[in-house]
Amino acid sequence: FNLPNPPRPPSSPSPGMRAVRFEDIARAARHIRSSVRSTPCHKSYPLSELTGAEVFVKQENAHYTGSFKERGARFALSQIAKQHEGDEKFKGVIAASAGNHALALSWHGPQVGLPITVVMPEVAPIAKIGRCRALGANVVVHGAHILEAFAHTQTEEFEGWEYLNGFDHPNIIAGAGTLGLEIDEQVEDIDYAIVPVGGGGLIAGVALALHTVRPSTQVLGVEPERCSSFQAALAAGEPVDTPTRPTLADGLAVPKVGSNAFDIAKDLVHQTVSVDERQIAIAMLRLVETEKSVVEGGGAVGLAAILPGGPLHRQVQGKRVVLPLCGGNIDTTVLGRVLDRGLAADGRLVKFVATISDRPGGISSLSEIISSNGASIRDIFHERAWTHTAIDLVRIKCVLETTNETHAQTVKSALTRFLGADNLDWNAAD
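Under my numbering, the residues of the sequence shown are numbered 21 to 450, in order.
None of these hints come from the bench; they were simulated from the model. In this text the structure is predicted, and so the values were computed from the model without any measurement. Watch out, some of these pointers could steer you wrong.
[Unchecked claim] Cross-link-like lysine-lysine pairs, in silico, DSSO-like; alpha carbons within 30 Å at most:
| # | residue 1 | residue 2 |
| --- | --- | --- |
| 1 | Lys371 | Lys417 |
| 2 | Lys339 | Lys286 |
| 3 | Lys371 | Lys286 |
| 4 | Lys312 | Lys339 |
| 5 | Lys339 | Lys432 |
| 6 | Lys417 | Lys63 |
| 7 | Lys312 | Lys63 |
| 8 | Lys432 | Lys417 |
[Claimed, not checked] Here are the computed distance ranges between Cβ atoms for each label pair:
| # | residue 1 | residue 2 | range |
| --- | --- | --- | --- |
| 9 | Tyr65 | Glu43 | 33 to 41 Å |
| 10 | Gln429 | Ser55 | 34 to 42 Å |
| 11 | Val161 | Phe401 | 33 to 41 Å |
| 12 | His104 | Glu43 | 54 to 62 Å |
| 13 | His290 | His62 | 47 to 55 Å |
| 14 | His62 | Arg153 | 28 to 36 Å |
| 15 | Glu69 | Lys111 | 30 to 38 Å |
| 16 | Ser55 | Pro145 | 52 to 60 Å |
We put the beta carbon where it would ideally sit given N, CA and C, even for glycine.
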């Protein structure tokens, strides 16, 4: 989505100066110390073995509302509360969001005494809408998508409410930068901090913090291939509208990075790469299996970039790497589908279409081949009406569970010998 950036407040630096300084991040850290959790950052031995790097994971998904957004939200809201103290015309803070920003505002707004209204599009998950309401926010469901939700926040109905951009407001960026300070305190001698990029607020804050306190650490950005808006901005020299497609990393699908965030990050981020949907799905699967941690697609792109086949895999060999797992808000129904995609991409879930005998023993013989080669049948479907073969033959669609790609190929070879190549369509599109 593409929300217009807020106008610069009167106290903002003049053009040519950064909207956020390191002093702002340090001030944000002091302000949120007692109200926002300092999340764990531990070495992951399984991920280190998988990637060839020494990997530390920063568990930002462990915040109460499940994402790093609490950092910027708390700091920005506390400053707004001070600014409008005694202002009778001020009604509260409003934002358009379908997810993590809305949750963070809903949780921290009441704690600093601010009324919160979040306008959420009709496509927002019902669970997130319900949770925002439970946390005390006034939730307005409006619009088919986030742009229509944002437009609604600008109507006369919400006059007196201050709009808070979720990734480009200077105080949001400063709050996000506190993550960089914590990384510096928790891990020594970091070679790379690999940060997800959406609107740019997180990587801008982290890059500014680490550049100041640990200039030897390189900050690398990772975007979904289906929305590489930061790389497009770097190529153009300024934020530009970027074509987007649906992605597992939906929290990063921001078609135009924030102007303040870009001004900061463009000179401090050493490299930015993209990962595809297959890599994201496998990364989410690896985090569930190795870290026992549910991480949304946007939070898993850093790992996706350094796993074998990822764009940074060779570069990080033998290096000390920190991965912020920046969010864990994913619907359970969606999580199941994502894990299946990861298993399929990993060669552990395969499908085939085969033509076999429809006489007694046909399925039994097929099952015996599958079983004797150590695979398990997950789903099987018989198709008789729409097949154009002999009447005593039937097409079956079958989904198998295997241990890895090598095992899958072993099963495929056995089935090919049994059925014949003409009667087996492996990983069939239908």
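Here is how each hint holds up against the structure:
no.	hint	verdict
1	Lys371 / Lys417	7 Å, holds
2	Lys339 / Lys286	24 Å, holds
3	Lys371 / Lys286	45 Å, violated
4	Lys312 / Lys339	24 Å, holds
5	Lys339 / Lys432	38 Å, violated
6	Lys417 / Lys63	43 Å, violated
7	Lys312 / Lys63	14 Å, holds
8	Lys432 / Lys417	14 Å, holds
9	Tyr65 / Glu43: 33 to 41 Å	38 Å, holds
10	Gln429 / Ser55: 34 to 42 Å	53 Å, violated
11	Val161 / Phe401: 33 to 41 Å	38 Å, holds
12	His104 / Glu43: 54 to 62 Å	23 Å, violated
13	His290 / His62: 47 to 55 Å	25 Å, violated
14	His62 / Arg153: 28 to 36 Å	34 Å, holds
15	Glu69 / Lys111: 30 to 38 Å	54 Å, violated
16	Ser55 / Pro145: 52 to 60 Å	26 Å, violated
Hint check: violations occur at hints 3, 5, 6, 10, 12, 13, 15, 16; the rest are consistent with the structure.
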